[in-house]
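K.L.:
Sequence:
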Amino acid sequence: MAIDLGASLISEFIIFSVAGACVILEYNRQVVKEAKREEVRQTQLQKFTDDIQMLHNTTLQQEAQINYLLSAVNELARHTKHKLPEPVSWQVNNNNNKEDDPKKNPNKNSKNSTEANTDGTSLIARAIVYYNNELKGDKLS
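Be aware that the sequence shown starts at 1, since it is given in UniProt numbering, and climbs by one per residue.
Keep in mind the hints are simulated off the structure, nothing from the lab.
Yeah, the Cβ is synthetic: ideal placement off N, Cα and C, and Gly gets one too.
You may find that some hints are simply not true.
Listed below are the simulated DMTMM-like cross-link pairs for lysine to aspartate or glutamate, each with C-alpha atoms no more than 25 angstroms apart in a straight line [stated by the list, open to error]: (1) 36 <-> 26; (2) 36 <-> 50; (3) 47 <-> 26; (4) 36 <-> 12.
Pair by pair, the computed Cβ-Cβ distance ranges are [stated by the list, open to error]: (5) 83 <-> 50: 43 to 51 angstroms; (6) 130 <-> 55: 31 to 39 angstroms; (7) 57 <-> 37: 24 to 32 angstroms; (8) 49 <-> 126: 40 to 48 angstroms; (9) 40 <-> 72: 24 to 32 angstroms; (10) 22 <-> 2: 27 to 35 angstroms; (11) 63 <-> 24: 56 to 64 angstroms; (12) 85 <-> 54: 52 to 60 angstroms.
Kindly generate the complete structure, drawing on both the sequences and the hints.
P.N.:
In structure tokens form, the structure reads like this:
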């Protein structure tokens, strides 16, 4: 009977040891897996932060370049007879009033003929038209 109790005790100890070792190994495996997942998440978060910072820096550089170009255009416009149009607001207007839009309603056009055709043309095309109409005409007179 003592041998049976000893054998039973040793077998239970071995079974509990193996089960405990399996639980510990599974726990360690899950911790390593979670650490890798957290590292990937932190890497993605850092990449997103870097991308946002890079886009912010690019936006600041482009705003500085736009301001420089606007000041150059204004400086050049002061030396010509051509009057620059008012600056366009870049805010989105959710107003659905189509009567105020000159592209939608051509009857409400208060601009002169040279400015009326500038809505759909590029800056280069407008410059060529301006040169041909204003400057070339002055030299011939």
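K.L.:
Take the hints in turn and mark each one as holding or not.
P.N.:
The hints, checked one at a time:
1. 36 <-> 26: 15 angstroms, holds
2. 36 <-> 50: 21 angstroms, holds
3. 47 <-> 26: Violated, at about 31 angstroms.
4. 36 <-> 12: 36 angstroms, violated
5. 83 <-> 50: 43 to 51 angstroms: 45 angstroms, holds
6. 130 <-> 55: 31 to 39 angstroms: 36 angstroms, holds
7. 57 <-> 37: 24 to 32 angstroms: 31 angstroms, holds
8. 49 <-> 126: 40 to 48 angstroms: 42 angstroms, holds
9. 40 <-> 72: 24 to 32 angstroms: 47 angstroms, violated
10. 22 <-> 2: 27 to 35 angstroms: 30 angstroms, holds
11. 63 <-> 24: 56 to 64 angstroms: 58 angstroms, holds
12. 85 <-> 54: 52 to 60 angstroms: With Cβ atoms ~34 angstroms apart, the hint is violated.
In the structure shown, a violation is registered for the earlier hints numbered 3, 4, 9 and 12, in ascending order.
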